[in-house]
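Sequences and hints are given; from them, build the entire structure.
So the sequence lines, in the order shown, correspond to chains A and B.
Okay, so the first sequence: first residue is 287 according to the working numbering, each after it adds one.
Okay, so the second sequence: first residue is 287 according to the working numbering, each after it adds one.
Keep in mind that the hints were calculated from the coordinates and are not lab data.
Do not take every clue at face value.
Chain copies aren't distinguished; within one or between two, either way the pair holds.
Below, simulated SDA-like cross-link-like pairs (lysine to any residue); rule was C-alpha separation at most 20 Å, straight line [stated by the list, open to error]:
| id | residue 1 | residue 2 |
| --- | --- | --- |
| 1 | Lys496 | Leu452 |
| 2 | Lys359 | Tyr514 |
| 3 | Lys496 | Val297 |
| 4 | Lys413 | Ala289 |
| 5 | Lys419 | Ala289 |
| 6 | Lys304 | Thr423 |
| 7 | Lys292 | Glu406 |
| 8 | Lys419 | Asn460 |
Protein chains: 2
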Amino acid sequence: MTALEKPLANVKIISDEKRGNGRWLSLHEVKFTDPSGTERGWEVCRRISPGSKEGRINSGPSIDAVDVITIIKNSRGEATHVALVIQYRPAMGTYTIEFPSGLVDAEEHVSEAALRELEEEVGFSVKYGHSVKVINTFDPIAYEPGITNSCSCAVVVEVVMEQEQLFGPNSMRNPSLEEDEWSLQVAILPLQGLLKTLQELQFSVGGYSKLVLDSRLYTWALGRELGY
Amino acid sequence: MTALEKPLANVKIISDEKRGNGRWLSLHEVKFTDPSGTERGWEVCRRISPGSKEGRINSGPSIDAVDVITIIKNSRGEATHVALVIQYRPAMGTYTIEFPSGLVDAEEHVSEAALRELEEEVGFSVKYGHSVKVINTFDPIAYEPGITNSCSCAVVVEVVMEQEQLFGPNSMRNPSLEEDEWSLQVAILPLQGLLKTLQELQFSVGGYSKLVLDSRLYTWALGRELGY
Numbered sequence: 287m288t289a290l291e292k293p294l295a296n297v298k299i300i301s302d303e304k305r306g307n308g309r310w311l312s313l314h315e316v317k318f319t320d321p322s323g324t325e326r327g328w329e330v331c332r333r334i335s336p337g338s339k340e341g342r343i344n345s346g347p348s349i350d351a352v353d354v355i356t357i358i359k360n361s362r363g364e365a366t367h368v369a370l371v372i373q374y375r376p377a378m379g380t381y382t383i384e385f386p387s388g389l390v391d392a393e394e395h396v397s398e399a400a401l402r403e404l405e406e407e408v409g410f411s412v413k414y415g416h417s418v419k420v421i422n423t424f425d426p427i428a429y430e431p432g433i434t435n436s437c438s439c440a441v442v443v444e445v446v447m448e449q450e451q452l453f454g455p456n457s458m459r460n461p462s463l464e465e466d467e468w469s470l471q472v473a474i475l476p477l478q479g480l481l482k483t484l485q486e487l488q489f490s491v492g493g494y495s496k497l498v499l500d501s502r503l504y505t506w507a508l509g510r511e512l513g514y
Numbered sequence: 287m288t289a290l291e292k293p294l295a296n297v298k299i300i301s302d303e304k305r306g307n308g309r310w311l312s313l314h315e316v317k318f319t320d321p322s323g324t325e326r327g328w329e330v331c332r333r334i335s336p337g338s339k340e341g342r343i344n345s346g347p348s349i350d351a352v353d354v355i356t357i358i359k360n361s362r363g364e365a366t367h368v369a370l371v372i373q374y375r376p377a378m379g380t381y382t383i384e385f386p387s388g389l390v391d392a393e394e395h396v397s398e399a400a401l402r403e404l405e406e407e408v409g410f411s412v413k414y415g416h417s418v419k420v421i422n423t424f425d426p427i428a429y430e431p432g433i434t435n436s437c438s439c440a441v442v443v444e445v446v447m448e449q450e451q452l453f454g455p456n457s458m459r460n461p462s463l464e465e466d467e468w469s470l471q472v473a474i475l476p477l478q479g480l481l482k483t484l485q486e487l488q489f490s491v492g493g494y495s496k497l498v499l500d501s502r503l504y505t506w507a508l509g510r511e512l513g514y
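See below:
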């Protein structure tokens, strides 16, 4: 068992004041005392929950979205491709390449959200006769813990499909994008040499001022290929 | 070469209005027209640049911080451990476990920032006779492209150190924490079985309401172990 150097001491929240808000995001200043009694502050951006104009005031992590790590296997069980999406991200001011992802609806399980996003964005679904399974779901993982309490949940989904069903006129994909996903396109990339392919793709469209890699996609690819 | 389904069309920014700000973060509403001429809006949280009270108004990604993927190798060249940090994150309202990380100072190269953070947070440095090398640096990667233009840069650093130099009374680590890093502790975990170790550690302290895994750490570990 891994032992901590010291226990995770409790922190006492003193105040949580709003510094601004829109319809989707709100900005807060949190004050708290550390275990020695020293008063400290931090600024936080929170997503505003559906049905609330106040933003999440509660401390603690919350799963806002799923990232769907979409692995395509052929009928021999070999993992061949990963399905990614490219879209314009107004918060970035650029396009990004990411795992398919989206906000989890109220009352929706993360697995359901993952399969829904996969159907909408990529066009894979058991409805269309595809073989799709969720192989695991997980706890919240922090998007950017220096700024926000917003968390993702990484859901790994395996889809069984032959290469000729992925590309070209016989593609079996059938996406149904929402109106605000006007910029979204799918990129189905070979797993082998993924990092290099991502970098070549980025270079071919003008570099990172035009297309930025999502940090979860990048570190996943790094973990696969770095050989540690 | 991977071909896009459609080119990455230019987007015209119409306006960028502030909806609130603190000392470190600001909230904006961006309006833009998509290639069909439809006007759209999005809310954005930006970090406020040092020396500026206005926040970054420019569109486009910016490297704000480094994540230092710190691999420990023994003198036989075998990668044995990864160095992580656990700290209280006021934005999350919980502790997190992450790669060592920190903001890049003005005029600092990301490699310099990575080695500085490694020295401060973990206590590894060539200054102390450790063998440290940066094996690659990369472009910005998006922290949470749905919310913010803030980007990280993942820097892989290899440190050569024997197991007996990592732990216990003969530990050669010499961290020098900043005052606001009162909660930070190092966790040096074996690479083998990392995902399981992370989940056991999380469980042992009370689950994700107490300790949340950073999404870059989690997907990196998933990429290493999932076998795709």
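For each hint, the structure was consulted:
no.: 1; hint: Lys496 - Leu452; verdict: neither (26 Å within a copy, 42 Å between copies)
no.: 2; hint: Lys359 - Tyr514; verdict: between (24 Å within a copy, 10 Å between copies)
no.: 3; hint: Lys496 - Val297; verdict: between (41 Å within a copy, 11 Å between copies)
no.: 4; hint: Lys413 - Ala289; verdict: neither (47 Å within a copy, 28 Å between copies)
no.: 5; hint: Lys419 - Ala289; verdict: neither (36 Å within a copy, 28 Å between copies)
no.: 6; hint: Lys304 - Thr423; verdict: neither (33 Å within a copy, 37 Å between copies)
no.: 7; hint: Lys292 - Glu406; verdict: between (46 Å within a copy, 18 Å between copies)
no.: 8; hint: Lys419 - Asn460; verdict: within (17 Å within a copy, 47 Å between copies)
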